[in-house]
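Colleague: Chain by chain, the residues:
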Amino acid sequence: MSTSSLMQELGQSALDAGLPLSVQLDVTYRCNERCVHCYLDHDDHGEMTTAEIKDVLDQIAEAGVFFLTLSGGEVLMRMDFFEIVEHARALLFDVKIKTNAFMIREKEADRIRDLGVRSVQVSIYSHRPEVHDAITKLPGSLRRSIAGIRLLQSRGVKVTIANVLMRQNLSDYAGVKELARELGAEYTIDPTVTPMMDGNRSIVSLGIGGSDLRQVFRNPDLVGNVDSFCAPPPPMDDDVLDETPCSAGHTSCYISPYGELFPCVQFPLPSGNVRTQKFIDIWRNSTQLNDVRSIRARDLPVCSTCSHVGTCTRCPGLAYMEGNMRGPSTQDCEKSFARTGIASANMILKASLRAMPGLVQIAGLQQ
Amino acid sequence: MSVIYIARGTKLAGRKLKGQMVIMTARDSVLSCLNELGTAIWDAADGLTPLEEIVERKVCAEYHVDRTVALKDAEEFVQDLASDGILIVSDQPIATSAHGNKTGLNQSAQSIEARPEERP
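Chains as they are written, first to last, in the numbering used here: chain A, 104 to 470; chain B, 20 to 139.
None of these hints come from the bench; they were simulated from the model. Just so you know, nobody snuck in bad clues.
Pair by pair, the computed Cβ-Cβ distance ranges are:
1. B:D92 with A:G426: 58 to 64 Å
2. B:D47 with A:P404: 43 to 49 Å
3. B:K37 with A:E281: 40 to 46 Å
4. B:A63 with A:G327: 40 to 46 Å
5. B:P112 with A:E112: 33 to 39 Å
6. A:T291 with B:D85: 46 to 52 Å
The beta carbon of each residue, even a glycine, is placed where N, CA and C say it ideally should be.
Kindly generate the complete structure, drawing on both the sequences and the hints.
Modeller: Printed below as a string of structure tokens:
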């Protein structure tokens, strides 16, 4: 059986058994960069101690978690980071690290290799220092990040370059992709700018939309088969309406540096705190997680009527940050429209409400 | 035939889910799932117990299978896992750390060359 089909089977098996399979643990929100689009504040409000994090790792291993992403902030801002990774690997987690690689020198690269970390993801915004460094607000950051990637690659550590697309770096994705190829790294692109965790949406305007998004979605180098990727949605069937939106809260969750547990890093619905509760108790009994788990596509008042319901990348976390986790995610509506040219039910509804301004308040009350 | 010792590989992740060991190798990101028998052999792979003893204790005793057939199958199985880096196979005891990883204390031990057969 191939890895992808075994992975699918593993995910389904975990879903059926109610097991957590993946956890993202942010070990700190502190960072040496100040990226313009970052959704975090970078102060330390009382991070978990080394002992607390080790205890959490013990608990989630016991609960069955296999895939562990260690992220931040910048993970290497914690002096005990490798002690944490060592503990995680001793528990046989499949560990992925997200870092800006600025602080990775030979010693750090050696440790990452020796600890058997499976992959390292590094955010690169442009192949041009003047663009990348303007986004991170850290002079020399592109040069240092590339040097860190080279050190990892030379040791056989798998590196993925993650390229968040914004208006500021829109013209540079081909250059970043070529840089990834030259470095021997994998390349992923993400056109989503996430609102800040406190609900502030001001940074969302940094993202691309409309014609820019359409252009990206019609680039075969990025999406593969354009005709297939941009095809109109197939007719809706009942099976689609019984599907769960994504793995958030079902087989995966997110833990902040302060022990707060959320369904996903992009879904900041407070569901418990591992500093005061056992992980497994939160996982099994949290009212919020169980509410998230109860939602099927047919329960979504607007999206269940939308022709895109079976193919949309609707993120329940982004919908939550818009005010209703059962509502549409406007950013994903825009993506569906950019792909297919077909307006979503949410877009049609909003347009009709704009045409009837007297009804706006009534519709708002219904949500 | 020489004695065979087995220890768990160092560059892999693993978790026992519903009694079966799921393993991901860091080298090539290949996911494997061991069945109940394979999981029993994995659990016993401490680097110090000869494979023959593991087969007698964990396979023959519990599954009532012929010893000669079981040992032959187990040898092929562990050599196949060794080729993927999931197990370390040696004709000498393998020193391991507290977490089951090879420490390098016995670097004179020669790994038995993996056979090219497909994993059953």
